[in-house]
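For the record, the sequence lines run as chains A and B. If you read the first sequence in the numbering used here, its first letter stands for residue 1, the second for the next number, and so on. If you read the second sequence in the numbering used here, its first letter stands for residue 1, the second for the next number, and so on.
Treat the hints with caution; some may be incorrect.
[Unchecked claim] Straight-line distance between alpha carbons at most 27 angstroms, and here's what the computed BS3-like set of lysine-lysine pairs gives: (1) K16(A) x K10(B); (2) K16(A) x K193(B); (3) K182(B) x K94(A); (4) K193(B) x K94(A); (5) K23(B) x K15(A); (6) K16(A) x K11(B); (7) K109(A) x K23(B).
Treat the hints as calculated values from the structure; they're not laboratory data.
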Amino acid sequence: MHELGIVFYIIRDVKKVAEENNVEHVSGVVMNIGEVSTIVPEYLQDCWRWAADREEMLRGCELKCNIIPAVTHCDDCGADYETVKYGKTCPHCKGPNTWLLRGNEVEIKEIEV
Amino acid sequence: MDGVKVIEIKKSIFADNNEDADKLRAELKEHGTYLLNLMSSPGSGKTTTLIRTLNLLKDKLNIAVMEADIDSDVDAIKIKDATGIESIQLHTGGMCHLDAEMTRQGLDNVQLQGKDLVILENVGNLVCPAEFDTGAVRNAMILSVPEGYDKPLKYPLMFSVCDLVIVNKIDVMPYFDFDLDKCTEYVHMRNPKAQIIPICAKTGEGVDKVAEWLLDEVKNWKNK
Ligand SMILES: Nc1nc2c(ncn2[C@@H]2O[C@H](COP(=O)(O)OP(=O)(O)O)[C@@H](O)[C@H]2O)c(=O)[nH]1
Ligand SMILES: [Mg+2]
Ligand SMILES: [Zn+2]
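The following block holds chain A by itself, in its conformation from the complex (with noise of 0.2 angstroms):
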């Protein structure tokens, strides 16, 4: 169960930033994840609802998951293009000389309070 773990550190994170702030309570929460950061947002979800209630501070507290699409980019080329229709090779020039652009966040947008 790796969402469990991840909303966690979510709730660590959170509770840090709204304590800087003088905040008593976080009414929202935005999270950018990648389309192929492994994390399955549906299960993040049900993760985060058992695990927020039970923190004075986030009761209530909405999770929101903004999924970031994954962009591969071909070193050989210079193409961008999608890494989940393409995988590793790139459908431009075949080549192999290819890396994540984006698509692995796992990243605290903003939290509304």
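Following the hints, put chain B with the ligands in place on chain A, whose structure we already have.
Only chain B with the ligands this time, still in chain A's reference frame:
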């Protein structure tokens, strides 16, 4: 949305852990203690391989082991009984991985004075442990033959963070269509520098190579 104020954060949830891990690495460097993080799926043979390797190294290095099984102390006792080496059990409270803070808490229970090497047997899982830097100098992983040779394609992150891939249970190779050449190719797609050592932890075949790799690693790191 009346009365709602937005506070921008835009920070990866791994950021704090990465900082903690770097700090721990620097402290261990001062102590002269090399930390190895050993990962694999459950049952790939971490404990069996460790016992074999420790018996080859225990006269050459001062070693301790930290076991991070989900919820028992079987492995720590096994290691202690089979090698005589100091072995402590970490309790992850059901977490699917160890992070740098949990590793530090574990190390607080290890007598670090004079320790050359601490090996961490991470929680059996190919996803989460790869995402959390423990503060180790190096990551190693064990892929066992029955799991299949295409694992590097399915768990790219795990294979990109490991510098040593031990292929275990080669004794059962005849019963599985495990293609070692293909496996090597896939591992190198993720990390061109990764070393691959095939072993049979059950009989000890190839384990001397693992011990050699680790001994070289510790020595080179100490001289740096
Ligand atoms: N056939 C075979 N079995 C092995 C080998 N190494 C370990 N095993 C068995 O695999 C099982 C799991 O091993 P263990 O070391 O506990 O794995 P861990 O969960 O990764 O620590 C045990 O039953 C071992 O006896 C091997 O090289 N060959
Ligand atoms: Mg074990
Ligand atoms: Zn291309």
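Structure-based check of each hint:
1. K16(A) x K10(B): holds (14 angstroms)
2. K16(A) x K193(B): violated (39 angstroms)
3. K182(B) x K94(A): holds (20 angstroms)
4. K193(B) x K94(A): holds (24 angstroms)
5. K23(B) x K15(A): Within the cut-off at roughly 23 angstroms; holds.
6. K16(A) x K11(B): holds (12 angstroms)
7. K109(A) x K23(B): OK: K109(A) and K23(B) at ~26 angstroms, within 27 angstroms.
Checked against the numbered hints listed earlier, the structure breaks hint 2 alone; every other hint is satisfied.
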